[in-house]
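**Q** Protein sequences appear in the order of chains Z and X.
The working numbering puts the first residue of the first sequence at 25, with every later residue one more than the last.
The working numbering puts the first residue of the second sequence at 16, with every later residue one more than the last.
Worth flagging that the hints you see were computed from the coordinates, not collected in a lab.
Mixed in with the good hints there might be a few duds.
Lysine to any residue pairs mimicking SDA-like chemistry, simulated, CA-CA at most 25 Å apart [said to hold, decoys possible]:
id	chain 1	residue 1	chain 2	residue 2
1	X	K292	X	Q431
2	X	K429	Z	P43
3	Z	K41	X	R138
4	X	K429	Z	S86
5	X	K429	Z	Q33
6	Z	K41	X	T352
7	Z	K41	X	T306
8	Z	K103	Z	V169
9	X	K188	X	S115
10	X	K429	Z	E27
11	X	K429	Z	A139
12	Z	K41	X	V367
13	X	K193	X	G167
14	Z	K116	Z	H51
15	X	K268	X	G329
16	Z	K41	X	R428
17	X	K429	X	P396
18	Z	K134	Z	L37
19	X	K292	X	G281
20	Z	K41	Z	G75
21	X	K45	Z	E27
22	X	K193	X	H220
23	Z	K41	X	E369
24	X	K193	X	P396
25	X	K292	X	R136
26	Z	K103	Z	L35
27	X	K429	Z	L62
28	X	K429	Z	L113
29	Z	K41	X	E432
30	X	K429	Z	F144
31	Z	K134	X	G140
32	Z	K134	X	R136
33	Z	K134	X	E432
34	X	K429	Z	K103
35	X	K45	Z	L28
36	X	K45	X	T306
37	X	K188	X	R138
38	X	K429	Z	G164
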Amino acid sequence: MAELADLYQELVLEHSKHPRNFRALDHASHQAEGYNPLCGDHFTVYLEVEGDVIREVSFQGSGCAISKASASIMTQALKGRTTSAADELFEKFHRVVTGADHARAENLGKLAAFAGVSEFPTRVKCATLAWHTLRAALTGEQQAVSTE
Amino acid sequence: MNAAPNFFGRSVVDTGFDVDKIRGQFPILKQRVHGQPLVYLDNAATTQKPAAVIDAINRYYTRDNANIHRGVHLLSERATEGYEGARAKVQRFLNAAESSEIIFVRGATEGINLVAQSYGRTRVGPGDEVVITTMEHHSNIVPWQILCEQTGARLRVAPINGRGELLLEEFEKLMGPKTKLVAVVHVSNVLGTINPVRRIVEMAHRWNAPVLLDGAQAAPHLTLDVRALDCDFYVLSSHKLYGPTGVGVLYGKRELLDAMPPYQGGGDMISSVSFEKTLYNRLPFKFEAGTPNIAGAIGLGAAIDYVTGLGRDGIAEHEHELLTCATQALSEIPGLTIIGTAGEKAAAISFVLEGIHPHDIGTILDQQGVAIRTGHHCAQPLMQRFGVPATARASFALYNTREEIDALAAGIRKVQEVFA
Numbered sequence: 025m026a027e028l029a030d031l032y033q034e035l036v037l038e039h040s041k042h043p044r045n046f047r048a049l050d051h052a053s054h055q056a057e058g059y060n061p062l063c064g065d066h067f068t069v070y071l072e073v074e075g076d077v078i079r080e081v082s083f084q085g086s087g088c089a090i091s092k093a094s095a096s097i098m099t100q101a102l103k104g105r106t107t108s109a110a111d112e113l114f115e116k117f118h119r120v121v122t123g124a125d126h127a128r129a130e131n132l133g134k135l136a137a138f139a140g141v142s143e144f145p146t147r148v149k150c151a152t153l154a155w156h157t158l159r160a161a162l163t164g165e166q167q168a169v170s171t172e
Numbered sequence: 016m017n018a019a020p021n022f023f024g025r026s027v028v029d030t031g032f033d034v035d036k037i038r039g040q041f042p043i044l045k046q047r048v049h050g051q052p053l054v055y056l057d058n059a060a061t062t063q064k065p066a067a068v069i070d071a072i073n074r075y076y077t078r079d080n081a082n083i084h085r086g087v088h089l090l091s092e093r094a095t096e097g098y099e100g101a102r103a104k105v106q107r108f109l110n111a112a113e114s115s116e117i118i119f120v121r122g123a124t125e126g127i128n129l130v131a132q133s134y135g136r137t138r139v140g141p142g143d144e145v146v147i148t149t150m151e152h153h154s155n156i157v158p159w160q161i162l163c164e165q166t167g168a169r170l171r172v173a174p175i176n177g178r179g180e181l182l183l184e185e186f187e188k189l190m191g192p193k194t195k196l197v198a199v200v201h202v203s204n205v206l207g208t209i210n211p212v213r214r215i216v217e218m219a220h221r222w223n224a225p226v227l228l229d230g231a232q233a234a235p236h237l238t239l240d241v242r243a244l245d246c247d248f249y250v251l252s253s254h255k256l257y258g259p260t261g262v263g264v265l266y267g268k269r270e271l272l273d274a275m276p277p278y279q280g281g282g283d284m285i286s287s288v289s290f291e292k293t294l295y296n297r298l299p300f301k302f303e304a305g306t307p308n309i310a311g312a313i314g315l316g317a318a319i320d321y322v323t324g325l326g327r328d329g330i331a332e333h334e335h336e337l338l339t340c341a342t343q344a345l346s347e348i349p350g351l352t353i354i355g356t357a358g359e360k361a362a363a364i365s366f367v368l369e370g371i372h373p374h375d376i377g378t379i380l381d382q383q384g385v386a387i388r389t390g391h392h393c394a395q396p397l398m399q400r401f402g403v404p405a406t407a408r409a410s411f412a413l414y415n416t417r418e419e420i421d422a423l424a425a426g427i428r429k430v431q432e433v434f435a
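Only chain Z is shown next, with the shape it has when bound in the complex (with noise of 0.2 Å):
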């Protein structure tokens, strides 16, 4: 059975309580706007971009704690990483959030905390909203994405 602790982990409930990076970039070279209409979570994910290296991330708005505690702990795990290598980061941790892929959990670090959700498929989009958004923002999409 699906057990609540595994979704809110203390390092999931930590960082949607006090999330990191969570402010505007002044100089953004890429931005985009992220929307899960089902329940309203809302964020715009800053980026700046140096070569093809991630130099500064940031985002802002609202949403619940998970899609806030993923915003949160990506900004950090992208930080300094080249543009492909957030882009396999992304296809490794969907992976893990639906379930496809439970063993490479370990290689994720922080975003390993973020396993549980595979047990709970209504809160995949709340996990993947800022990776979605930051893919968005990477490939200049103009209109906001949606989870929908």
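The hints should help you fit chain X onto chain Z, whose structure is shown.
**A** Using the frame of chain Z, we list chain X on its own:
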């Protein structure tokens, strides 16, 4: 909260309303979810179905299934009788003057779209105005926006106060010679507010503007009388009234429906067709193109029999007690704010918890077997009015108990523990 002696739950209230017995008539309620007894408090989204409804649909498909209104054979006769019998039940349920004023549609949403496109397209023009309220469901906003775009008319929105009550003086100020149609929700799906629809109809009629009432949430809770209300159109959905999904009702006054062009073309809605000229059928068939949801209508008829058999007054009293009890239980939880505190309310409570997003509330309650709705409830402008992205909503039905309210309150405290 303290247990009040001889409340409901196990006991029987004065009206002879026996909740234990009623719960036994709803097969779905017997199950456990996530290892906990199911506490179903998402009734404003859809209600569960009593065995009487499920059996009626089953009986139709195992014994009577045939197409209606044309076959000469016995099954077609029986199917037609069942379908038209359901129409007569709806007529009595709404106290409509005649059964031909009852149009079967897919649901309240389709009923509103029918009126917007058939009545609206022919009677509303550039510069005219359609008046709605801030507390409308998207289904009573978007069809009018589409109509306004098509005709050059303007949508006016009557405001509400902080308790979630319509500001009648403001509403009245919006009425005028340009007002060509008024569309108002009878009971709000988010706030539970029961609108003073009789007075709204009076105000609109002073300007000869017809009134459509969205009764999707009112039908399961209130005794309805379209003639006493003097409304021009009334819509409801079967599935919120213990009936099956995919069927609903549009009531309209005969003189209005008669003058309106068909909404859709097809079989059954014509009296004769040639390539030169087609004559439309009489009411209600003019508005029922194609083979309708026969089993659905029969299921709705069975649902109406069911609630009528229990007694509308007993249901209303039981639900009012649930609302009072739940309002008190939730008010005692620190950090909880109820959104929608109208003086006249049906049994639905929207709330928010300080520092905790409704979606997280929903997941944690679900783990305890408590099913509620979280989100914007298809009323985004209303969420903006109250400055919240979403709410959690517990909505009650005739089969809910005092014990389930205790489970809800305990569940919310558990949510707060997780986020402490």
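**Q** Compare the structure with each hint and give your call.
**A** Here is what the structure says about each hint:
As the CA atoms of K292(X) and Q431(X) are separated by approximately 68 Å, the hinted pair breaks the 25 Å bound. At most 25 Å may separate the alpha-carbon atoms for a hinted pair to count; K429(X) and P43(Z) meet this at roughly 23 Å. In summary, the hint linking K41(Z) to R138(X) is not supported, as the alpha carbons are separated by about 54 Å, beyond the 25 Å threshold. For the suggested pair K429(X) and S86(Z), the alpha carbons sit about 23 Å apart, so the restraint of at most 25 Å is met.
A threshold of 25 Å between alpha carbons decides the hint, and for K429(X) with Q33(Z) the separation of about 15 Å falls inside it, so the pair holds. For the given pair, K41(Z) sits about 20 Å from T352(X) by alpha-carbon distance, which is consistent with the 25 Å threshold. With a C-alpha separation of about 55 Å, the suggested pair K41(Z) and T306(X) falls outside the 25 Å cut-off, and the hint is violated. At most 25 Å may separate the alpha-carbon atoms for a hinted pair to count; K103(Z) and V169(Z) meet this at roughly 22 Å.
Annotation: proposed proximity of K188(X) to S115(X) is violated, straight-line Cα distance about 35 Å (limit 25 Å). The hinted pair formed by K429(X) and E27(Z) meets the criterion: a straight-line CA distance of about 14 Å does not exceed 25 Å. Distance check on the hinted pair: K429(X) and A139(Z) sit about 22 Å apart at the alpha-carbon level, within 25 Å; holds. Distance restraint check for K41(Z) and V367(X): the Cα-Cα separation of roughly 17 Å lies within the 25 Å cut-off, and the hinted pair is therefore satisfied.
The suggested pairing of K193(X) with G167(X) holds, with an alpha-carbon distance near 12 Å, which does not exceed 25 Å. For the proposed pair K116(Z) and H51(Z), the alpha carbon gap of about 29 Å is over 25 Å, so the pair is violated. For the given pair, K268(X) sits about 30 Å from G329(X) by alpha-carbon distance, which is inconsistent with the 25 Å threshold. Under the criterion of a C-alpha separation no larger than 25 Å, the hint pairing K41(Z) with R428(X) is consistent with the structure, at around 18 Å.
Annotation: proposed proximity of K429(X) to P396(X) is violated, straight-line Cα distance about 31 Å (limit 25 Å). Note on K134(Z) and L37(Z): the hinted pairing holds, with a Cα-Cα distance of about 13 Å set against a maximum of 25 Å. Distance restraint check for K292(X) and G281(X): the Cα-Cα separation of roughly 14 Å lies within the 25 Å cut-off, and the hinted pair is therefore satisfied. For the proposed pair K41(Z) and G75(Z), the alpha carbon gap of about 33 Å is over 25 Å, so the pair is violated.
Pair hint K45(X) plus E27(Z) holds up; C-alpha atoms about 23 Å apart against a cutoff of 25 Å. Using a Cα cut-off of 25 Å, the hinted pair K193(X) and H220(X) holds, with the two alpha carbons roughly 13 Å apart. A distance of roughly 12 Å separates the Cα atoms of K41(Z) and E369(X); the hinted pair therefore holds under the 25 Å criterion. Of the supplied pair hints, the one linking K193(X) and P396(X) holds, its CA atoms being roughly 24 Å apart against a limit of 25 Å.
Straight-line distance between C-alpha atoms of K292(X) and R136(X) comes to about 22 Å, which keeps the hinted pair within the 25 Å bound. Annotation: proposed proximity of K103(Z) to L35(Z) holds, straight-line Cα distance about 19 Å (limit 25 Å). For a cut-off of 25 Å, the pair hint linking K429(X) to L62(Z) stands: about 24 Å separates their Cα positions. Annotation: proposed proximity of K429(X) to L113(Z) is violated, straight-line Cα distance about 34 Å (limit 25 Å).
Taking the CA atoms of K41(Z) and E432(X), the gap is about 14 Å. The hint holds against a cut of 25 Å. Taking the CA atoms of K429(X) and F144(Z), the gap is near 18 Å; set against the 25 Å cutoff, the hint holds. Between K134(Z) and G140(X), the direct Cα distance comes to roughly 60 Å. Violation of the 25 Å bound is thereby established for this hinted pair. Note on K134(Z) and R136(X): the hinted pairing is violated, with a Cα-Cα distance of about 58 Å set against a maximum of 25 Å.
At most 25 Å may separate the alpha-carbon atoms for a hinted pair to count; K134(Z) and E432(X) meet this at roughly 24 Å. Of the pairs offered as hints, the one joining K429(X) and K103(Z) is violated, with about 36 Å between alpha carbons and a cut-off of 25 Å exceeded. Restraint check: the Cα-Cα separation between K45(X) and L28(Z) comes to about 24 Å, which is no more than 25 Å; the hinted pair holds. For the hint linking K45(X) to T306(X), the alpha-carbon distance of about 35 Å lies beyond 25 Å, and the restraint is violated.
Using a Cα cut-off of 25 Å, the hinted pair K188(X) and R138(X) holds, with the two alpha carbons roughly 22 Å apart. Restraint check: the Cα-Cα separation between K429(X) and G164(Z) comes to about 42 Å, which exceeds 25 Å; the hinted pair is violated.
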